[in-house]
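Trainee: Each protein sequence line maps, in turn, to chains A and B.
Under our numbering, residue 494 is the last one in the first sequence; the count climbs by one each step, no gaps.
Under our numbering, residue 1537 is the last one in the second sequence; the count climbs by one each step, no gaps.
Think of the hints as simulated: they come from the structure by calculation, not from any bench.
From the three backbone atoms N, C-alpha and C, an ideal C-beta is built for every residue, glycine too.
Please note that the accuracy of each hint is not assured.
In the EDC-like style, the derived pairs of lysine to aspartate or glutamate whose C-alpha atoms are separated by at most 20 Å in a straight line are [unchecked claim]:
#	chain 1	residue 1	chain 2	residue 2
1	B	K1496	A	D450
2	A	K67	B	E1119
3	B	K1496	A	D452
4	A	K292	A	E268
5	A	K67	B	E1197
6	A	K311	A	D440
7	A	K67	B	D1231
8	A	K464	A	D440
9	A	K67	B	D1128
10	A	K67	B	D1130
Looking from chain B toward chain A, a few residues come up when the C-beta cut is under 7 Å (computed) [to be verified]:
#	residue
11	R1103
12	H1105
13	A1259
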Amino acid sequence: MERAWPAAVVFVACGVVRAAIEHHSGGILFRAADRTIARERAALIQREARASAAEGSASVASLVVQKLPLLGPWITRYHVAMMRVSILPLLLVALAFWISWVAGLVLLVAGPLIPVFMALVGMAAEDASRRQMDEIGSMNDMLMDRLSAMLDIRLLGAADRAAEDFSERAETLRERTMEVLRIAFLSSTVLELFSAIGVAMVAVFVGFMLLGAVGYGFWGTPLTLGEGLFLLLIAPDFFQPMRDLAAAWHDRAAGYAVVADLDALDAEERIPFVGEGRAIAPLPGPLSLELKGAVAVLRGVDVALPDLALKAGETLALTGPSGVGKSTALAAIAGLAPLRSGRISVCGATLDAATADAWRARLALVPQRPHFPDLSLGEWLDVRGTGADPWHALRLADAEGIVERLPEGLATRLGETGGGVSGGEARRLMIARAVMAGGDLVLADEPTADLDSETAERIIAALKRLNAEGRAVIVATHDPVLAAVMDRQLEIAP
Amino acid sequence: MKPVLRIVRLLLSAAPWAMARGAALSVVVLLMGAALLALSGWFITATGLAGLAGIGIAFDVFRPSAGVRFLALGRTAARYGERLLTHDATLRALAALRVTLLRRHTGADARALMGLRSESALTRIVSDVDALDGLILRLVLPVGAAIATHLIVFAALGWIVGWPVALVVLAGTVPVSVLILWRLALRGIVPSARIEEEGQSLRRGVIDTIRDRDALILSGALPRREEGLLDIDASVRAATAALDRAERSSGFLLSSLIAVVAAAAFLAGGSLLAAGQVDAAVAVIGLFVSLALAEAVLPLRRGFAELGRMVGAARRIEPDNVAPTRQPGTGRGEGQAVLTVVRPDFRLSLSAGEAVALTGPSGAGKTTLLMQIAGLADATDIRVKGLPPRDWDDPALRDVVTALPQRSALLAGTIWDNLALAGETDPSAMWAALEAVALADAIEARGGLEMRLGEGGAGLSGGQFRRLALARAVLRRPELLLLDEPGEGLDADTAKRVLDNVRAALPQAAILAVMHRGFDHAVFDRTVRLGRPEQIS
Chain A
1 MERAWPAAVV
11 FVACGVVRAA
21 IEHHSGGILF
31 RAADRTIARE
41 RAALIQREAR
51 ASAAEGSASV
61 ASLVVQKLPL
71 LGPWITRYHV
81 AMMRVSILPL
91 LLVALAFWIS
101 WVAGLVLLVA
111 GPLIPVFMAL
121 VGMAAEDASR
131 RQMDEIGSMN
141 DMLMDRLSAM
151 LDIRLLGAAD
161 RAAEDFSERA
171 ETLRERTMEV
181 LRIAFLSSTV
191 LELFSAIGVA
201 MVAVFVGFML
211 LGAVGYGFWG
221 TPLTLGEGLF
231 LLLIAPDFFQ
241 PMRDLAAAWH
251 DRAAGYAVVA
261 DLDALDAEER
271 IPFVGEGRAI
281 APLPGPLSLE
291 LKGAVAVLRG
301 VDVALPDLAL
311 KAGETLALTG
321 PSGVGKSTAL
331 AAIAGLAPLR
341 SGRISVCGAT
351 LDAATADAWR
361 ARLALVPQRP
371 HFPDLSLGEW
381 LDVRGTGADP
391 WHALRLADAE
401 GIVERLPEGL
411 ATRLGETGGG
421 VSGGEARRLM
431 IARAVMAGGD
441 LVLADEPTAD
451 LDSETAERII
461 AALKRLNAEG
471 RAVIVATHDP
481 VLAAVMDRQL
491 EIAP
Chain B
1001 MKPVLRIVRL
1011 LLSAAPWAMA
1021 RGAALSVVVL
1031 LMGAALLALS
1041 GWFITATGLA
1051 GLAGIGIAFD
1061 VFRPSAGVRF
1071 LALGRTAARY
1081 GERLLTHDAT
1091 LRALAALRVT
1101 LLRRHTGADA
1111 RALMGLRSES
1121 ALTRIVSDVD
1131 ALDGLILRLV
1141 LPVGAAIATH
1151 LIVFAALGWI
1161 VGWPVALVVL
1171 AGTVPVSVLI
1181 LWRLALRGIV
1191 PSARIEEEGQ
1201 SLRRGVIDTI
1211 RDRDALILSG
1221 ALPRREEGLL
1231 DIDASVRAAT
1241 AALDRAERSS
1251 GFLLSSLIAV
1261 VAAAAFLAGG
1271 SLLAAGQVDA
1281 AVAVIGLFVS
1291 LALAEAVLPL
1301 RRGFAELGRM
1311 VGAARRIEPD
1321 NVAPTRQPGT
1331 GRGEGQAVLT
1341 VVRPDFRLSL
1351 SAGEAVALTG
1361 PSGAGKTTLL
1371 MQIAGLADAT
1381 DIRVKGLPPR
1391 DWDDPALRDV
1401 VTALPQRSAL
1411 LAGTIWDNLA
1421 LAGETDPSAM
1431 WAALEAVALA
1441 DAIEARGGLE
1451 MRLGEGGAGL
1461 SGGQFRRLAL
1471 ARAVLRRPEL
1481 LLLDEPGEGL
1491 DADTAKRVLD
1501 NVRAALPQAA
1511 ILAVMHRGFD
1521 HAVFDRTVRL
1531 GRPEQIS
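Please take these sequences and the hints and turn them into a complete structure.
Mentor: See below:
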């Protein structure tokens, strides 16, 4: 017992030191992964809105939020497992040889077989995990699909049918997934089998050597009990790195998938806007706008814009068939689409990177489609964050009744679908927002599209009120009624 | 915790037999691992002592070495079986959780159902369901297996080696591990909730910034918005780091605990040896077994670190949050008029075979009225066959009333799958309905009823999409058909033809259609205006 105590203390000390090293290395690895994720996230956040790609905002968001963290396990587990596999087994087999060549030989024979199986396991597991990921993913897709169609399902009285159908499909998915898993798990079982056989053979050989039943396998002096136990304990550790690597193979596949997504997004064609989008003092001087031979760059095509000139307080309708470049003209005037050639002059200066931000401080834009972010209506209306009173703008846009009707008024969060307001109401709110943004030129893209004539009239009246307050207005429209109330109409020929 | 327990019960009861098999094999794997290390340790110590004592030849090596081989191979096989069975059970549980969730949402009203279309609501639900998927595989099964293993190991050690050693292993490992893991779960709650919450707001923020890009650039707000998103990102990552620290520190504590318990088991074995109760080979068994038990305890970290996320997810998915608060009705209307609406400024009475166009300015409440008639929103002034819609037995009401909502949704799957939602599985009836909505030719040209649609019905044009949804409603053969802008996305001629065909296909049905244009169509007997007192006939 006297000798047992120091041994126990040393054992505990070693165990604690090992745990502490693991704790520390885990921290280092986490920070390394965190830095990578932070870098990629910041890059995406600062690029995707500035120069948007064709990729939908939802898939960019899911890349930023859900997929980027998958790089973590790839960095912290796969790379480490790879490094361990290339160092530790060699070291341990050398140690084993040093004590007993038979034990070393057992490991040496079992060892190289493993990379062979590793490759097989790797391929099978990667394939299977990809398929399985797809299966699990599609179970979620099925759920999303049915939840978003739930109103229809309910109206059709199909709730029970849909649930039963879902269970049947889920059952089919399970059967297919299990078929894949049977193979995938079998290959990793082969790996475990090798390590189990290796460990068992080392244990048995050591036992026989200690008994003296086997008269070979050691160098000179027979094995001591301590050496035997040591061999027994390092045998599982010889195989452990390879098992870790097999377990981390899935992380590698997930990491590669994320990298592939990032690469695809990097390769997208992007059109930057003019200027930096900063809030600065507006361009001085009386309002004037002139387009001369301007050709705007759109994704994939160049669009020739009509020549036009506009002064303070004037109104102009851009008309013409769909796709002729009405919206692009508005975007170019706002510096949202850069020019390939030609020139846009604003308040006597050329619209370029130096003047764009100051020019935009004089503009307000009413886009065609509403988008209500996850903000209160009050915050959304006050897009420049000035804290000004929104009611004047709401009155001008004929939208005060809408806000008064909402139970929470300006504190209402409309949500992404604008639930709670109709299409015409959303347009009026967008006009109020444009008024709040200030400026003396309003650009409105199809402000009366898809509206009944009564609602369209209210929109037109609101635009007229904006003009009466001294703002110039440019609308892009198909609507002859709206076009007729503008001072001038410019038909863009295809 | 209560919501989590309810979800656990739901998941376990989804496949109790599969769960039990998986759990039993998990225990077998852990026990075989402990036995393997114990037997090997005993074997080598015993042979070493026998060799030293010079009695090597008399020592029975065959049975122990056969035992080592059996345990090693048996453990591998058991592990294979365990992985298969637990995954099988988990997949069954995943399906059950999703089906339960679907069923719960069927009771919601129109507003809630429309809310389900928003991407953020869907992502949130899926993310919660994903979090709960880990409950079984990472928490319930491993914890159950660890407890069972420790109890069996306790009994076995007490019997083979001696109760002091068994007690040291059990009392040393279990209470302290429970404390460490519970502390991990508590420390994880706040960061998990923050990761989830801020993750969702980062997601929303990225989508909002990209979609609202033009307005943000125009108002010079883009740099400020980007900074805001980076702040959210920093906060998400800080919470992730806090969770990682908690997980690593409990890993450190658990590993240290295992070293301490192994040393204590070794000393306890030593004292039994000194007392002459066991021989040296048996005395070391405690040491090896407690080392092997690390395999049962260390993997529990993941599950406990995620417990906070699971609790939040379970609370949101809770039945109370989505289930209808209203008592379902049980009645069946028998009235003469199919539909009557009596409001101070609006009156409507509709009998079988009549068709009425409903007009009015945007925002007047036309869509809401249809949802009220369909029993998906509250109203007291509406009678369907003499009974308020919400007092109807729901399936009975669905047999009488069918509605085409303003924005209908289709499922990923075949045309057949989508039409079969109406409860009609006869292909000739389906073709007749497709014919009525002037879609039969287009569908036939693209593979017939087996034509596959992508997620959300992708693969059809807007007008075809609309007509397929209409065909589905026609297949219901309702007594009262509510149509919310049936002509949307169709050119005037097609819209006209479709209305005529629908009328012809359902000669006895009362039809109420919200129309922005085309309300002068011959199908309609009257036009009713919502939003102004007068009624135009």
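Trainee: Each of the hints needs a verdict: does it hold here or not?
Mentor: Right, here's what the structure says about each hint:
1. B:K1496 / A:D450: It holds: about 19 Å lies between the C-alpha atoms, which stays within 20 Å.
2. A:K67 / B:E1119: Given that 20 Å is the threshold and the Cα spacing comes to 17 Å, the pair holds.
3. B:K1496 / A:D452: 19 Å, holds
4. A:K292 / A:E268: 30 Å, violated
5. A:K67 / B:E1197: 16 Å, holds
6. A:K311 / A:D440: Holds - the C-alpha atoms of A:D440 and A:K311 are around 10 Å apart, at most 20 Å.
7. A:K67 / B:D1231: 19 Å, holds
8. A:K464 / A:D440: Given pair A:K464, A:D440 holds - Cα atoms ~13 Å apart, limit 20 Å.
9. A:K67 / B:D1128: Within the cut-off at roughly 16 Å; holds.
10. A:K67 / B:D1130: Holds. A:K67 to B:D1130 sits at ~14 Å (cutoff 20 Å).
11. R1103: 5 Å, holds
12. H1105: The hint holds - B:H1105 has a Cβ within 7 Å of chain A, the shortest such distance being about 5 Å.
13. A1259: Holds - the Cβ of B:A1259 comes within 7 Å of chain A, reaching about 2 Å at its closest.
The structure does not agree with numbered hint 4 stated previously, though it agrees with all others.
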